[in-house]
Amino acid sequence: MLYREAGQFKTSYEKDAAIFPILQDRIGMAVVLVVAFAVVPFVATPYVFTGILIPLLIFSLAALGLNILTGYAGQLSLGTAAFMAVGAFAAYNFMLRVPGIPVLVAFALAGVVAALVGILFGLPSLRIRGLYLVVATLAAQFFIVWFLTRVGWITNYSTSGVITAQQVVILGYAFTTPAAKYLLILSIVSLLALAAKNMARGNVGRSWMAVRDMDVAAEVIGIRLMRAKLLAFAVSSFYCGVAGALFAYLYLGTVEPEAFNLDLSFRILFMVIIGGVGTVMGSFLGAAFVTLLPVFLSVTVRFLDNILGLHIAESTISNLELIVFGGLIIFFLIVEPHGLARLWQIGKEKLRLWPFPH
Amino acid sequence: MKAIKHALLGAVIFVAATAASAQNEQFVPVLSYRVGPYAAGGSGYYGGAIDYWTLINMSGGINGVKLVWEECETEYNASKGVECYERLKKKNGGASTVEPLSTGIAYGLFDRVAQDKIPMTTFGYGLASAADGRVYPWVFPIGTTYWDQMAAMIAYLGQKEGGVDKLKGKKVAFLYHDSAYGKEPIPVLDALAAKHGFEALKIPVPVPGTTQESQWLQIRQARPDYVIVWTYGVMSTVALKTAAKTGYPKNKLLGVWWAGSEEDVIPAGDASKGYVSASFTATGTDFPVMQDIKKKVYGANKGNLEDPTRLGNVMYTRGVVYGMILVEAIRVAQSQFGKGKVMTPEQLRWGFEHLNLTEARIKELGAGGLFPPIKTSCADHEGSGMVKFQEWTGTGFKQVTPFMAGDRDMVRKMAEETAGKYAAEKKITPRDCAKEG
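Going line by line, the protein sequences match chains H and P. Note that this note's numbering gives residue 610 to position 47 of the first sequence, counting from 1, and the numbers run on in steps of one. Note that this note's numbering gives residue 436 to position 116 of the second sequence, counting from 1, and the numbers run on in steps of one.
The hints are simulated quantities; they were obtained by calculation from the structure and are not laboratory data. Do not take every clue at face value.
Facing chain P, according to a computed beta carbon distance under 10 Å, are these residues of chain H, among others [as the list claims (entries may be wrong)]:
id	residue
1	Pro-618
2	Thr-727
3	Val-731
4	Glu-819
Over the 12 Å line for every Cβ pair with chain H, so calculated as not near, a few chain P residues [claimed, not checked]:
id	residue
5	Arg-432
6	Gly-567
7	Lys-570
8	Gly-589
Bear in mind the structure is a predicted one, so any value in this text is a computation, not a measurement. Every residue, glycine too, gets a C-beta built ideally from N, C-alpha and C.
Construct the complete structure from the given sequences, taking the supplied hints into account.
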């Protein structure tokens, strides 16, 4: 009853093509943004910032990057973590070697470097697809991490291969408190998410989706495959690279190539699959599911253990978390193979009729 | 109505009681890992520490102050570890110290512990230059670092040859875990190779290292006089097995201390008999403190290990030693800031900086010979640098040397130089230790 577009007439093409054509959606989004920007910074504790919100936003960005490639353009990839690593190390080197470079420029350039590397490793996609492409991107994952550990110049000849990120200072303001870091990340992620949404709705996105659905047909209707595929690799890697730089500079504070291993690539792929392939919102939902659920489970299991006085052995609790997490993933994929974003969509459809379904 | 009143009263008493008990509890967050590829190490290590704390609590705590702890599963993953640290640092009146037992997590926490002013211990791993307490006031690589271990290994090899000068012209291969952990000792290896005139052949093994044929082929071609095996987890077992397969004599292998526990050598079977590895603690259940844990803690069914036969093995022993040193640091801090009080992290740091565990004191703790004497100070956060070597006999570890040190002066000088460079890069003004007590 409340969520219903009846009576909202679109009188211009502009209105018809808006991101959120329905008034309720616009209000909802505005509320989310206001809460995220203006309420959360005042109410959240440092733990919520550093333990939950910051990693959530960064992983959302990485998942969004992969979603552009896998969800929109249909190119499966297992090299996400490696592209993040490229971004992190590129940002470090720009900051180190270019005196006085503004941090945001370094982040953007890091994204560009990652995009170039992405294009390079995207070249095989012109010839191979599906699982074979996964193998090619797997090569990227291993090669890049190997390269970053092997070439001393990249880590400024640090003996252990681990580098410490420089401080983030913008216009003389040092981003050291959790709230400040959160706001900076939130701004960057919001802007990039808006850009992604627009890209996906526009010409570029349509050509990606055409390639995804059937590349021969896409070619026939005049889409240049090489351009579309490589652009998808470039844009996706740009997003991952920026996410990697944020991960290094505003989350961990250090970078070691080992942190960007295959395991992380898989986790980001799971975020995309669970959240919803080919949706911007799904990237956020998926990242929330994969990063928050384990924390939630571990807190709840321990809380229940305390309250009920069960005294379960610690190792059982640790294993229990993993078992429940795995079970939930399977459950969600059976209930809704199209991911959480699809569940949200169904929920909206139901809301339109609620409370009078007949 | 009456029932509600009673319930309320009960609740009030309960709250009051928990508040009262909280006043005399020292909280330690435990960033453990009990699942995943490193679970065997994590569960043994934290099991040992927790068992020792249980023992202390059962005998009345530290001057009446009981230790409380809460675990959080890190899976040996840096970002999970950071989340766990953030989750636990404010709980139960605040964390007094943290020990992640993972190089990756420790790196992620360096800046955080300095900002939160919580001392972090890194027993037998982590950054060697953190031994310089002037630059790293909140990090404590108590005991020994990788650099000292490398120096001691070369000293041990020198002993085997009949003097370090005999190492001249020899070839020592360094087979290492290709990560921060494996690369850490390379500067010391290079410096010692230049000093003693031997050749160091560095061979990286990519993680996880389940196949090492090509590396051992390289070793077979180069015919080094010794191979230092600097690995962790399954990589260690594979190294031992592959060495046997390629016919490299096992008495010429020398393992790092993380490649010298029961979990590493037993799966390798015969290939590990006679293999010597380093250690920063002794092992076994003969020590009075181990007997106490067995009798009192496991006797009362309060033990942390699910499999009590692991009691006394290498990782477990190291955990007990960590538990013990933390308790001693609290004791030292209490003697300065008030006995029977809960120490703040700052006060505990003072305790860590003024440890003086003499042989007599270690014996008093029921652990004579379990670990070397440790004396820390504001500038020296390491306090010992001693390593011993043990040989796997097929059924247990035989101690082949007493606690010994390598070229400590050189290592300390290198640590200070590296720390100084770090301070310059991060614009840290080192503390003036002469001014602090």
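Hints breached by this structure: Hints 3, 5 are the ones this structure does not satisfy, whereas the remaining hints hold.
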